[in-house]
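S.K.: Each protein sequence line maps, in turn, to chains A and B. Count along the first sequence from 1, then add 7; that gives the number in the working numbering. Count along the second sequence from 1, then add 6; that gives the number in the working numbering.
Hints listed in this document are in silico derivations from the structure and should not be mistaken for laboratory results. All the given hints hold, so there is nothing to weed out.
Chain A is nowhere near these chain B residues, computed Cβ spacing over 12 angstroms in every case:
#1 L54
#2 P73
#3 G83
#4 S132
#5 E288
Going by beta-carbon spacing under 8 angstroms, a handful of chain A positions derived as facing chain B:
#6 L60
#7 R90
#8 D100
#9 L108
#10 E117
#11 M169
The C-beta atom is built at its ideal place from N, Cα and C for all residues, glycine as well.
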Amino acid sequence: MTIEVEDLTITVAGSGKRVVDAISFSLDPGERIGIIGESGSGKSVTTLALLGLLPRSLTASGSIRVDGTQIIGASKKQLLEIRGRRMAKIFQDPSTALDPLTRVGELIAEPLRRHQGLRGHELNAAVERALAEVALPDTERLSRAFPHEISGGQRQRVAIAMALACRPAMLIADEPTTALDVTVQAEILDLIRRLCVDHGMGLVFVSHDIAVVSQTVSRALVMQGGQIVERGPIDQIVHAPTDLYTLRLVGSARALDEALTTGRVS
Amino acid sequence: MSAGIEIRSALPEPIAPAPARRRGLPVSLLIGLVLLAAVGIIGVVSLLWLPYDLADTTGGRLEPPGPNHWLGTDKLGRDTASFVMVGTRIALTVGLSSMAIAMAIGVIVGLIAAFATGWVDDVQSSLLDVVIAFPTLLLAMLIGAMQGASLTSAVVSIGLAASAVVARLTRILAKGLLRRQFVTAARTSGTSWLRIVFIHLLPNMWPTLVVTAALIFGTAVLAEASLSYLGLGVPPPNSSLGRLLQGAQSTVLTAPWGAVAPGVVILVIVLGANSLADGLRERFDPTRRERR
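Same shape as in the complex, but just chain A:
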């Protein structure tokens, strides 16, 4: 799946404030890119715009083409066709992104039933496969659990299984590890990377953590105040940042790393 974003501007209705200001980027099939930036830099809003899911208080202008289909101003039918089937999203906090009163198995069965028309045994088998694919053990028992009965890392795995149930060509991960323990973080990152490689799936990985992004993607954009301030291969961004803001981001990540290895805060 290719994504071409040109001059995307997102404004707040009423005040006219630009939360995203004329950004352009593109994504080739199977490519993994990162969007790095602090809170309020417009990175999450950009991913919502990719899915045509901006809240009514925000309006987008410019152009977003997904496999040639224009998202801005697309019909409901076109958008429903794209969401879930061709592009899926996972969220920061898996404990709020799963319906608390629906059992895990049913959460995963829902998109499979709706998009692929699976029923009965076929459906159960597909749910089991989806749970096994995200390395969840004891799938039979787990599928009968409610979201609050499993751990945070397991919840994010369930959310990933839900997102991948219909084999989308593109996954948008909006800070998928921020709410998790560091050890679990590494496991989830491994999982996302493995699934992308296995299925040739593209990835838009949104994070404020440059260290996490550098483990997952090949190319990144750095956003600040609604604009892209730096872009390029992730190695270049980490090792030779040109923008002042990126320099600061990398600097603080390094300081943290150094403190870990030397035990001293410089």
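Place chain B on chain A using the hints.
M.R.: Below, chain B without anything else, positioned relative to chain A:
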């Protein structure tokens, strides 16, 4: 240690049944069910068999309770027990039908209101507030007076008056749920709004709605009795608990059984509905459910 083993150790114990279920049903739920089952049986029996015909005036005037007339007779020599049995059935019918109307209209209007934004939302919620600020009974009296007293107009007026409460509750619950991330997650996976209503909104709202329905049932029974007492409820020849109370008013000192019997039935129904609601809340409250 491999990742797989770590995950296995983090897996919770096999899902235990809810503690509430293990301890049995809440006491108030049981009390409510027993009380309502008792009046329900009286209501059903009244369809099949009555001690005396309602038009039968062969009993003596104001006879005290005895083997021939379990609950005595009224001024015209009619059997109070027969009237109370039919009145119970009418009260339950009005209660259930009004509840059904209130829930159906209330949930639909509330859901539509929840999706509205801007001035449409403001107008809708102000309208609901006005309807709610109007006392249920007064509204029901108004509709009853306009349409003429009948079983249907009692049911419709009580149902409509109560539907405003349900609509506002539904609107608030749905608005809260729509802000939750799992709804956004469902949207990103291509779920239509209609499906979201059925698979995410309603299941998350129903514990609260069921409790409300039980409360509305009790309120509706009380409202019907009040309307009938004022002569605006179910008209003769049907019996009605409220009208029985009103009829027994003048003889309450000399023949109290005529007032006590319908009064006790009203009390039992309302008490039953309220404790059922309490019990359901304890059993199904989603916040309690998440904590267990």
